[in-house]
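Student: Here's the letter readout for the chains.
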Amino acid sequence: MKSNDDSFLTSLLQYHTRLIDQQFVDDIINNIKAKNKFRLKLMVIAVFLALAVAIPLLISLGEDLFFINTLSSYSPYIITFFLLSALGFGTWLTSDDF
Amino acid sequence: MVDDNTLIARVISNGDQHAFATLIKKYQGAIRHFLRRLTAGDQATADDIAQEAFLRIYQNLDTFLGKSAFSTWAHKIAYNCFLKYKQKVYHQHEIEGFDFSILEAQVEDIEKDLIIERLMECLDIAERTCITLSISAGMSHQEICVVTKFPLGTIKSHINRGKQKLMDKVNNQQPSNA
Numbered sequence: 001m002k003s004n005d006d007s008f009l010t011s012l013l014q015y016h017t018r019l020i021d022q023q024f025v026d027d028i029i030n031n032i033k034a035k036n037k038f039r040l041k042l043m044v045i046a047v048f049l050a051l052a053v054a055i056p057l058l059i060s061l062g063e064d065l066f067f068i069n070t071l072s073s074y075s076p077y078i079i080t081f082f083l084l085s086a087l088g089f090g091t092w093l094t095s096d097d098f
Numbered sequence: 001m002v003d004d005n006t007l008i009a010r011v012i013s014n015g016d017q018h019a020f021a022t023l024i025k026k027y028q029g030a031i032r033h034f035l036r037r038l039t040a041g042d043q044a045t046a047d048d049i050a051q052e053a054f055l056r057i058y059q060n061l062d063t064f065l066g067k068s069a070f071s072t073w074a075h076k077i078a079y080n081c082f083l084k085y086k087q088k089v090y091h092q093h094e095i096e097g098f099d100f101s102i103l104e105a106q107v108e109d110i111e112k113d114l115i116i117e118r119l120m121e122c123l124d125i126a127e128r129t130c131i132t133l134s135i136s137a138g139m140s141h142q143e144i145c146v147v148t149k150f151p152l153g154t155i156k157s158h159i160n161r162g163k164q165k166l167m168d169k170v171n172n173q174q175p176s177n178a
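Residue numbers (this note's numbering), protein chains in the order written: chain A, 1 to 98; chain B, 1 to 178.
Because the hints were derived from the structure by calculation, they are not lab data. Possibly wrong hints are sitting among the right ones.
DMTMM-like cross-link-like pairs, simulated, lysine to aspartate or glutamate; straight-line CA separation at most 25 Å [said to hold, decoys possible]: (1) A:35 to B:62; (2) B:112 to A:6; (3) B:169 to A:6; (4) A:37 to B:48; (5) B:86 to B:113; (6) B:84 to A:6; (7) B:165 to B:111; (8) B:26 to B:52.
Here are some of the chain A residues that sit facing chain B, going by a computed Cβ distance under 10 Å [what the hints assert, rightly or not]: (9) 6; (10) 13; (11) 14; (12) 22; (13) 26; (14) 58; (15) 59; (16) 85.
Using N, Cα and C, we set each Cβ at its ideal position, and we do this for glycine too.
Just chain A, same shape as in the assembly (with noise of 0.2 Å):
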């Protein structure tokens, strides 16, 4: 072997196997088709949650604007607080890495 021999390093580090494997193919799509599921689910409950909230908040509206007063009368951290979780966790949401 010559020390010097550029071309021996250079066939020496091609890939010399093709890597052809079903099984990663498979077990990567079905990651995605998992992750997309959680995804559609965590959607759901956010929906629900989103209606829970709505619901007797348009109720409310109707007699004497009785949430807003409730609201005011909570410390103005936890509503900060409640509005900064629920902002985050749309952000997650809809981020791209999700």
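Following the hints, complete the assembly by docking chain B onto the known chain A.
Tutor: Chain B in isolation, oriented as in the chain A frame:
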């Protein structure tokens, strides 16, 4: 054979998983080999990172602008996944008493790949990356620049230094003929 852009368009517009499976089939060899070289033969870890890379490719496919070849873009994501893994887990082994004289013999291709993957341990990560992308994956220095974000001069020096280290390692491990 359907070209990459058509497959990508199908995945983005319809979420076509068959089209994405075709893309995986086409590029799994290059990406898995690349990661096996980067992990210096830790095949299980390399395949885990490759799976993560393909998931990221799927999630970010709509951000692929076609400025570089799909292969280059896929390698870039795989490289970033490897760096992320490396930040979490760091281990460096030294190869001891490995008989590289076997390379002169007519060994099976699969065995050759295993030896080269182990041989990568004598290089640092940047050298492994540049050497593999340049020599094994056949990328131009410009394409390596896209994948690694290294300046061109740095890429050239990583390749030259890596080559020298590999040749030294192979020659030092040679049994003397005397």
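Student: Can you give the numbers of the hints that this structure goes against, from lowest to highest?
Tutor: 6, 14, 15 and 16
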